[in-house]
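Q: Take a look at the letters that make up each chain.
There are 2 protein chains.
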Amino acid sequence: MLKYPNFSFDIKHRDPKSRARIGTLKTPHGEIETPNYIFCGTKAAIKAVAPAQMREAKTDIILANTYHLMLQPGADVIEKMGGLHKFMQWDGPMLTDSGGFQVFSLGEGTMANEIKGKNSGKHENKSLLGISEDGCVFRSYVNGEKIKLTPESAMDIQRKLGADLLMQFDECTPYHVTKDYTARSMEMSIRWGDRSLAEFERTDTGAQAVYGIIQGGVYKDLRKTSAEYTKDRDFFGTAVGGCLGGSPKEMYDIVNESLPHAHPDRPVHFLGIGQIKDIFTFVRLGIDTFDCVIPTRLARHGSAFIKGHPGETINLKNAKYREDNTPLDEANGIPASTDFSKAYIHHLIKAGEILGMQLLAQHNVATINRLMREVRAAIKADTLDALEKEWLGQ
Amino acid sequence: MLKYPNFSFDIKHRDPKSRARIGTLKTPHGEIETPNYIFCGTKAAIKAVAPAQMREAKTDIILANTYHLMLQPGADVIEKMGGLHKFMQWDGPMLTDSGGFQVFSLGEGTMANEIKGKNSGKHENKSLLGISEDGCVFRSYVNGEKIKLTPESAMDIQRKLGADLLMQFDECTPYHVTKDYTARSMEMSIRWGDRSLAEFERTDTGAQAVYGIIQGGVYKDLRKTSAEYTKDRDFFGTAVGGCLGGSPKEMYDIVNESLPHAHPDRPVHFLGIGQIKDIFTFVRLGIDTFDCVIPTRLARHGSAFIKGHPGETINLKNAKYREDNTPLDEANGIPASTDFSKAYIHHLIKAGEILGMQLLAQHNVATINRLMREVRAAIKADTLDALEKEWLGQ
Numbered sequence: 090m091l092k093y094p095n096f097s098f099d100i101k102h103r104d105p106k107s108r109a110r111i112g113t114l115k116t117p118h119g120e121i122e123t124p125n126y127i128f129c130g131t132k133a134a135i136k137a138v139a140p141a142q143m144r145e146a147k148t149d150i151i152l153a154n155t156y157h158l159m160l161q162p163g164a165d166v167i168e169k170m171g172g173l174h175k176f177m178q179w180d181g182p183m184l185t186d187s188g189g190f191q192v193f194s195l196g197e198g199t200m201a202n203e204i205k206g207k208n209s210g211k212h213e214n215k216s217l218l219g220i221s222e223d224g225c226v227f228r229s230y231v232n233g234e235k236i237k238l239t240p241e242s243a244m245d246i247q248r249k250l251g252a253d254l255l256m257q258f259d260e261c262t263p264y265h266v267t268k269d270y271t272a273r274s275m276e277m278s279i280r281w282g283d284r285s286l287a288e289f290e291r292t293d294t295g296a297q298a299v300y301g302i303i304q305g306g307v308y309k310d311l312r313k314t315s316a317e318y319t320k321d322r323d324f325f326g327t328a329v330g331g332c333l334g335g336s337p338k339e340m341y342d343i344v345n346e347s348l349p350h351a352h353p354d355r356p357v358h359f360l361g362i363g364q365i366k367d368i369f370t371f372v373r374l375g376i377d378t379f380d381c382v383i384p385t386r387l388a389r390h391g392s393a394f395i396k397g398h399p400g401e402t403i404n405l406k407n408a409k410y411r412e413d414n415t416p417l418d419e420a421n422g423i424p425a426s427t428d429f430s431k432a433y434i435h436h437l438i439k440a441g442e443i444l445g446m447q448l449l450a451q452h453n454v455a456t457i458n459r460l461m462r463e464v465r466a467a468i469k470a471d472t473l474d475a476l477e478k479e480w481l482g483q
Numbered sequence: 090m091l092k093y094p095n096f097s098f099d100i101k102h103r104d105p106k107s108r109a110r111i112g113t114l115k116t117p118h119g120e121i122e123t124p125n126y127i128f129c130g131t132k133a134a135i136k137a138v139a140p141a142q143m144r145e146a147k148t149d150i151i152l153a154n155t156y157h158l159m160l161q162p163g164a165d166v167i168e169k170m171g172g173l174h175k176f177m178q179w180d181g182p183m184l185t186d187s188g189g190f191q192v193f194s195l196g197e198g199t200m201a202n203e204i205k206g207k208n209s210g211k212h213e214n215k216s217l218l219g220i221s222e223d224g225c226v227f228r229s230y231v232n233g234e235k236i237k238l239t240p241e242s243a244m245d246i247q248r249k250l251g252a253d254l255l256m257q258f259d260e261c262t263p264y265h266v267t268k269d270y271t272a273r274s275m276e277m278s279i280r281w282g283d284r285s286l287a288e289f290e291r292t293d294t295g296a297q298a299v300y301g302i303i304q305g306g307v308y309k310d311l312r313k314t315s316a317e318y319t320k321d322r323d324f325f326g327t328a329v330g331g332c333l334g335g336s337p338k339e340m341y342d343i344v345n346e347s348l349p350h351a352h353p354d355r356p357v358h359f360l361g362i363g364q365i366k367d368i369f370t371f372v373r374l375g376i377d378t379f380d381c382v383i384p385t386r387l388a389r390h391g392s393a394f395i396k397g398h399p400g401e402t403i404n405l406k407n408a409k410y411r412e413d414n415t416p417l418d419e420a421n422g423i424p425a426s427t428d429f430s431k432a433y434i435h436h437l438i439k440a441g442e443i444l445g446m447q448l449l450a451q452h453n454v455a456t457i458n459r460l461m462r463e464v465r466a467a468i469k470a471d472t473l474d475a476l477e478k479e480w481l482g483q
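Those sequence lines, one after another, are chains A and B. Using the working numbering, read the first sequence as starting at 90 and increasing by one per residue. Using the working numbering, read the second sequence as starting at 90 and increasing by one per residue.
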């Protein structure tokens, strides 16, 4: 039986009006308070933000993607270089996914489309060559090589990468498939979960902990079965994955009805979701950690999260910022947010200067970290409703 | 007569074996010790390095380019936003050029080609529509608009930008023209210099100081005439500009024979030159400040300046760095140089991560700043020859 002696999750406060909770998640690389946000360092780098600037923006935890790193530079190289923490110079808690999600969803549109059920249907991914009980075979986008990923190899790669929190290998079921397909897929993810756990246990050193993933698409009974499965096994944490439906209501219902069947005392991670409104919606359902590429992706498109702005973001490309001498946010506590004018950032984007996205990326990270600090304080103070209105400009 | 009461240049030490000197250049935004390096923030941004990271890399002074800024966002916008220092959040000394150099040289290849005489000949710049006694007319690369630049407008724009050190408007004469053309061009630059000074004086507030530019191509007698002109006028400083010949020897000879005719007590800036070997060559001829785009441009191409490496740089794209766990330079004193392995930076470049060029750009800036500190110390200690061998790996 897996005990995770170097990890713990303590729920210190529960919101009497919702399932929101305050917890402390302890890992060998430090503790984080939850709810919290895990920033995506997909290829072992937060896009356009160096580790020192991530810390300056008060970041607690980041993730990296197994799929990208197994292809470039390769898990063996990262292991030789001392593991992901040393490689990318992040000394705090870190998570990796299992690689499956990208294998199954890339080529079918963006990850967000996949989760939100916006795909055209079925597996149309041309680089995915086959799925079987054993695992899946795909073609490397780096060099065209055929690569096999199985529950065992996914755990082996994550072991070499060396993050604190790992994910079981699962099939990320697409949206436009039958219930029957989804059921068979979910059942295979259960068998893959057991194989993931067995492989994890075989090489366990106590330095890592593994999450089970709730699959089952948009079908409540399947989600229940999958949630109960994760509860019954020795996972350290629970993740909500796969397709969550085509509307916010459907996504809400799935999480709302899945989580009561999951383990009540384990940390719950919501894979790939993390706009500001999502944070407020899903902390109330008991989500402890979020991750999403959006803070840095928005930056590359010229957008900044702004507290209190209806729609969450402003786009600095807009000509109305050409002579706007105000900073992005005086209260954010980092130069990117407080020192530079919107006019300057507008100019940088127009001029094609990389510095524009650097400043916006750091600002967005700092804004989300501030959101999470304020969310935690509001849960403790029972003022989450008021805080939500403040953030969403309502 | 222009007095520049808020500026000074004090030569504190002269090398007995060469014309190298140690000076203190005082501006309203602080003092710098010379010899020093002025980093190019062409479009009001150092490419991929934020001001805080420039300071962390011990930068003393930067420049911005009038040509680019007059087109985007425009000098009036920058003036409205409080001037360049406030706009780009650089509170130290700053220089702007007059805009002429880009107008005359862009379209004919890179600026470096122009200076080093590597062009095909004459003005082939299609966006340069005409040169006359009044000034020049060119087409904006931003919106195709016809724009006129004259000595008066170049000074007006630089006044609005608000840098500390300004440049007179001059014609940057190409390499492959006759001596007769070069002479007429140099004489026009003299008349443009007088008009620049008159316009500068007309609106002088004491916040800025202007440099005269030595032109004259590869012809010693023309360079002498031009140098004597700059000495005879109320310029605060002297710059060496224009085509410097096709070989290192020719460049050396031009600077060597021009500077004795320039003012001996004014700061001398060398426009657009700044590889490591150039620093050692030209401080010995009395150059006080250098500028070049190379530290950040090399970074974008994956290269790092390395002290003691023959050839000055290494290219991190090279496969030999794939598993190289050593940092770029332990002695550089910033995380970009000391914390990350070459293997990691190699990976970032291969993976197309912007962070790779951010780290390399900051490393290159820090390396050049360290070079300049060591050059100043070596001039004082009379150990410049030994330092040159150390840096160039000889």
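The reader is advised that the hints may include incorrect statements.
Since copy identity is lost for identical chains, a pair holds within one copy or between any two.
Distance condition first, Cα-Cα at most 30 Å in a straight line; then the derived DSS-like pairs of lysine-lysine [stated by the list, open to error]: (1) Lys268 - Lys147; (2) Lys147 - Lys439; (3) Lys175 - Lys338; (4) Lys92 - Lys406; (5) Lys106 - Lys147; (6) Lys406 - Lys169; (7) Lys431 - Lys147; (8) Lys338 - Lys235; (9) Lys175 - Lys147; (10) Lys309 - Lys235; (11) Lys469 - Lys237; (12) Lys268 - Lys396; (13) Lys115 - Lys235; (14) Lys439 - Lys115; (15) Lys478 - Lys106; (16) Lys320 - Lys175; (17) Lys268 - Lys338; (18) Lys478 - Lys237; (19) Lys409 - Lys92; (20) Lys237 - Lys115; (21) Lys338 - Lys396; (22) Lys215 - Lys409; (23) Lys101 - Lys169; (24) Lys235 - Lys406; (25) Lys268 - Lys469; (26) Lys431 - Lys175; (27) Lys309 - Lys147.
If you're looking for bench data, these hints aren't it; they were derived computationally from the structure.
Q: So, for every hint listed, does it hold in this structure?
A: Verification of the supplied hints:
Taking the closest pair of Cα atoms, Lys268 and Lys147 never come within 30 Å of each other, the shortest separation being 43 Å inside a single copy and 62 Å across copies. When the C-alpha separation of Lys147 and Lys439 is checked against a cutoff of 30 Å, the pair qualifies both within a copy, at 29 Å, and between copies, at 29 Å. With identical chains, the CA atoms of Lys175 and Lys338 are never at most 30 Å apart, being 42 Å at best within one copy and 47 Å at best between copies. Taking identical chains as interchangeable, the C-alpha atoms of Lys92 and Lys406 are never at most 30 Å apart, the minima being 51 Å within one chain and 43 Å between chains.
Within a single copy, Lys106 and Lys147 get their C-alpha atoms as close as 29 Å, which meets the 30 Å cut-off; across copies the closest is 53 Å, which misses it. Taking CA atoms no more than 30 Å apart as the test, Lys406 paired with Lys169 passes between copies only; the shortest distance there is 19 Å, against 43 Å inside one copy. For the homomeric pair Lys431 and Lys147, the shortest alpha-carbon distances inside one copy (22 Å) and between copies (27 Å) are both at most 30 Å. When the C-alpha separation of Lys338 and Lys235 is checked against a cutoff of 30 Å, the pair qualifies neither within a copy, at 39 Å, nor between copies, at 55 Å.
Taking CA atoms no more than 30 Å apart as the test, Lys175 paired with Lys147 passes in both settings, with 20 Å inside one copy and 26 Å between copies. Taking identical chains as interchangeable, the C-alpha atoms of Lys309 and Lys235 are never at most 30 Å apart, the minima being 36 Å within one chain and 66 Å between chains. Taking the closest pair of Cα atoms, Lys469 and Lys237 never come within 30 Å of each other, the shortest separation being 46 Å inside a single copy and 63 Å across copies. Taking the closest pair of Cα atoms, Lys268 and Lys396 never come within 30 Å of each other, the shortest separation being 40 Å inside a single copy and 64 Å across copies.
Taking the shortest alpha-carbon separations for Lys115 and Lys235, neither the intra-copy value of 38 Å nor the inter-copy value of 63 Å comes in at or below 30 Å. Taking identical chains as interchangeable, the C-alpha atoms of Lys439 and Lys115 are never at most 30 Å apart, the minima being 44 Å within one chain and 34 Å between chains. In the homo-oligomer, the alpha carbons of Lys478 and Lys106 lie at most 30 Å apart inside one protomer (17 Å), although the nearest pairing across protomers, at 72 Å, exceeds that limit. In the homo-oligomer, the alpha carbons of Lys320 and Lys175 never lie at most 30 Å apart, since the shortest distance is 33 Å inside one protomer and 56 Å across protomers.
With identical chains, the CA atoms of Lys268 and Lys338 are at most 30 Å apart within one copy only, with a shortest distance of 19 Å there and 78 Å across copies. Taking identical chains as interchangeable, the C-alpha atoms of Lys478 and Lys237 are never at most 30 Å apart, the minima being 47 Å within one chain and 52 Å between chains. Proximity of Lys409 and Lys92 under a CA criterion of 30 Å is satisfied in neither setting, with 57 Å inside one chain copy and 42 Å between copies. In this assembly of identical chains, Lys237 and Lys115 lie within 30 Å of each other by CA distance neither inside one copy nor across copies; the values are 33 Å within and 65 Å between.
In this homomeric assembly, Lys338 and Lys396 come within 30 Å of each other (Cα to Cα) only inside a single copy, at 24 Å, whereas the closest approach across copies is 60 Å. Within a single copy, Lys215 and Lys409 get their C-alpha atoms no closer than 43 Å, and across copies no closer than 33 Å, so neither meets the 30 Å cut-off. For a Cα distance limit of 30 Å, the shortest separation of Lys101 from Lys169 qualifies neither inside one copy, at 39 Å, nor across copies, at 52 Å. Taking CA atoms no more than 30 Å apart as the test, Lys235 paired with Lys406 passes between copies only; the shortest distance there is 25 Å, against 41 Å inside one copy.
Taking CA atoms no more than 30 Å apart as the test, Lys268 paired with Lys469 passes in neither setting, with 40 Å inside one copy and 81 Å between copies. For the identical chains of this complex, Lys431 and Lys175 are inter-copy neighbours only, at 12 Å across copies versus 36 Å inside a copy, given an alpha-carbon limit of 30 Å. In this assembly of identical chains, Lys309 and Lys147 lie within 30 Å of each other by CA distance neither inside one copy nor across copies; the values are 37 Å within and 59 Å between.
Violated hints for the displayed structure, listed by number in ascending order: 1, 3, 4, 8, 10, 11, 12, 13, 14, 16, 18, 19, 20, 22, 23, 25 and 27.
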